[in-house]
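Visitor: Residues in the sequence shown are numbered consecutively from 171, following my numbering.
If you're looking for bench data, these hints aren't it; they were derived computationally from the structure.
Certain hints may be false.
[Claimed, not checked] Cβ pair distances, simulated, as ranges:
hint: 1; residue 1: Gly517; residue 2: Tyr396; range: 28 to 38 Å
hint: 2; residue 1: Ser530; residue 2: Met477; range: 14 to 24 Å
hint: 3; residue 1: Gly191; residue 2: Arg433; range: 48 to 58 Å
hint: 4; residue 1: Leu322; residue 2: Pro221; range: 49 to 59 Å
hint: 5; residue 1: Gly517; residue 2: Glu488; range: 18 to 28 Å
hint: 6; residue 1: Val213; residue 2: Ala323; range: 47 to 57 Å
hint: 7; residue 1: Glu526; residue 2: Thr177; range: 25 to 35 Å
hint: 8; residue 1: Pro285; residue 2: Ala474; range: 24 to 34 Å
hint: 9; residue 1: Arg512; residue 2: Arg242; range: 46 to 56 Å
hint: 10; residue 1: Pro285; residue 2: Asp514; range: 25 to 35 Å
hint: 11; residue 1: Pro308; residue 2: Leu192; range: 33 to 43 Å
hint: 12; residue 1: Val178; residue 2: Pro221; range: 44 to 54 Å
hint: 13; residue 1: Asp435; residue 2: Gln349; range: 34 to 44 Å
[Stated by the list, open to error] 25 Å max Cα-Cα, derived SDA-like pairs, lysine to any residue:
hint: 14; residue 1: Lys511; residue 2: Thr340
hint: 15; residue 1: Lys511; residue 2: Val524
hint: 16; residue 1: Lys511; residue 2: Pro307
hint: 17; residue 1: Lys511; residue 2: Glu282
Glycine included, C-beta positions come from ideal geometry on N, C-alpha and C.
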Amino acid sequence: MGLGDGTVLTCQRDQFSIPDGLHYLNCAYMGPLPRVAEEAGIVGLRMKRDPSLILPHHFFDTSLELRTLFARLVGAGEPSRISIGPGVSYAVAVAARNLPLSSGQNVVLTHEQFPANVHAWARKTRDASAELRLVRPPSTIHRGATWNEHLLAAIDSATAVVSLPTVHWTDGTLFDLVQVGRRCREVGAALVVDGTQSVGALPFDLELVRPDMLVCSTYKWLLGPYSVALTYFGPRFDDGVPLEETWIGREGSEDFEHLVDYRDDYQPGAIRYDVAQRSNFALLPVAIASLRLVAGWGPALIQAYCMDLTHTLFEEVEELGFTVEDARWRSAHLFGLRMPKRIDLIGLREALRVREVSVSLRGSALRVSPNVYNDVGDVSALLEGLREVAGA
Numbered sequence: 171m172g173l174g175d176g177t178v179l180t181c182q183r184d185q186f187s188i189p190d191g192l193h194y195l196n197c198a199y200m201g202p203l204p205r206v207a208e209e210a211g212i213v214g215l216r217m218k219r220d221p222s223l224i225l226p227h228h229f230f231d232t233s234l235e236l237r238t239l240f241a242r243l244v245g246a247g248e249p250s251r252i253s254i255g256p257g258v259s260y261a262v263a264v265a266a267r268n269l270p271l272s273s274g275q276n277v278v279l280t281h282e283q284f285p286a287n288v289h290a291w292a293r294k295t296r297d298a299s300a301e302l303r304l305v306r307p308p309s310t311i312h313r314g315a316t317w318n319e320h321l322l323a324a325i326d327s328a329t330a331v332v333s334l335p336t337v338h339w340t341d342g343t344l345f346d347l348v349q350v351g352r353r354c355r356e357v358g359a360a361l362v363v364d365g366t367q368s369v370g371a372l373p374f375d376l377e378l379v380r381p382d383m384l385v386c387s388t389y390k391w392l393l394g395p396y397s398v399a400l401t402y403f404g405p406r407f408d409d410g411v412p413l414e415e416t417w418i419g420r421e422g423s424e425d426f427e428h429l430v431d432y433r434d435d436y437q438p439g440a441i442r443y444d445v446a447q448r449s450n451f452a453l454l455p456v457a458i459a460s461l462r463l464v465a466g467w468g469p470a471l472i473q474a475y476c477m478d479l480t481h482t483l484f485e486e487v488e489e490l491g492f493t494v495e496d497a498r499w500r501s502a503h504l505f506g507l508r509m510p511k512r513i514d515l516i517g518l519r520e521a522l523r524v525r526e527v528s529v530s531l532r533g534s535a536l537r538v539s540p541n542v543y544n545d546v547g548d549v550s551a552l553l554e555g556l557r558e559v560a561g562a
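All chains, please: the whole structure from these sequences, using the hints.
Guide: Below you can see the structure in the form of structure tokens.
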């Protein structure tokens with residue numbers, strides 16, 4: 171795995187098919203597929219050539235392996251706590267359907283959170299004549315600490331649900347979910363967490379945060395396919411109602427001969443919340459192969475690798491007039507560079523394009539998101555482009 175002595179992670183670019191010359195610092199947009207995952211997907215797709223080879227156990231074995239890998243990654247315990255769905259909005263819709271909300275209560279979100287974790291709560295609060303609280307960041311350069319303070323202050327005795335990301339998707343601002351979780355338990359609120367922009371690259375411990383739900387799409391930091399998301403559902407959802415009444419989510423669904431003996435009872439835990447046709451014979455093997463790689467490297471070592479890769483970057487960009495969040499409130503795998511007013515965005519895009527540097531403009535930040543396939547050459551190419559537009 172290229173771990174050397176077991177404590178330091180080396181560059182893993184040879185595990186990927188990233189084109190030579192491309193400086194891909196954009197995993198927050200979409201993670202590149204590892205070679206081994208691409209091969210697993212081809213094998214899975216070929217299964218459909220001869221359907222007689224797809225046996226009943228294939229509908230269950232692959233999904234169980236995927237649940238088990240994700241449960242280990244986040245410390246979820248039983249794999250049956252993990253549901254397989256198509257995306258974050260699907261899991262959030264499950265949460266919104268099952269968590270009670272009354273007039274006079276509120277749901278707390280962050281300002282400009284990714285919309286997949288917003289629209290369901292907006293509808294639910296409207297329907298219940300409840301309040302949707304969007305906690306805005308302060309208008310300061312270093313806003314992480316104060317933003318977190320405002321977030322905790324927004325949670326009160328009338329809060330029914332707090333639904334947050336682990337890091338803000340536009341600039342990587344960290345949210346102290348341990349403190350948020352503690353505050354939620356004090357007031358009896360449910361905690362829903364979108365881990366899509368950090369799980370896999372930043373350690374997440376369910377025992378410390380204790381969310382009621384944690385959802386993570388696989389196509390970013392889990393380096394997996396699009397249209398697959400993994401969700402931990404805690405005990406608060408044990409008797410909930412799924413969005414779909416699937417046949418495979420019912421008890422005894424392994425027995426194909428007796429599927430017409432309809433059962434009302436669901437499979438244990440969170441399996442009832444699986445999307446229909448969750449046994450995707452092409453996509454699930456891709457997700458498994460990628461998740462094995464990520465788990466083998468380890469989120470802690472991935473975060474350390476990204477930190478070592480960028481440790482001199484922040485001082486240099488600040489000298490160019492860019493601003494960055496305090497180290498305590500930013501992640502190493504996803505961070506935003508806020509631009510001085512003199513920067514021409516069209517010129518910036520062109521300077522990065524000609525150097526084949528792939529990053530994203532999100533909100534008011536230039537979002538940079540390295541991973542284990544990046545090296546110092548990628549960071550240098552980014553700096554060259556920034557120096558050009560900053561006139562340095």
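Visitor: All the hints need checking, so say for each whether the structure fits it.
Guide: Against the structure, the hints come out as follows:
no., hint, in the structure
1, Gly517 <-> Tyr396: 28 to 38 Å, "32 Å, holds"
2, Ser530 <-> Met477: 14 to 24 Å, "20 Å, holds"
3, Gly191 <-> Arg433: 48 to 58 Å, "56 Å, holds"
4, Leu322 <-> Pro221: 49 to 59 Å, "54 Å, holds"
5, Gly517 <-> Glu488: 18 to 28 Å, "20 Å, holds"
6, Val213 <-> Ala323: 47 to 57 Å, "52 Å, holds"
7, Glu526 <-> Thr177: 25 to 35 Å, "32 Å, holds"
8, Pro285 <-> Ala474: 24 to 34 Å, "32 Å, holds"
9, Arg512 <-> Arg242: 46 to 56 Å, "49 Å, holds"
10, Pro285 <-> Asp514: 25 to 35 Å, "29 Å, holds"
11, Pro308 <-> Leu192: 33 to 43 Å, "37 Å, holds"
12, Val178 <-> Pro221: 44 to 54 Å, "47 Å, holds"
13, Asp435 <-> Gln349: 34 to 44 Å, "38 Å, holds"
14, Lys511 <-> Thr340, "18 Å, holds"
15, Lys511 <-> Val524, "22 Å, holds"
16, Lys511 <-> Pro307, "20 Å, holds"
17, Lys511 <-> Glu282, "22 Å, holds"
Hint compliance for this structure: no hint is broken.
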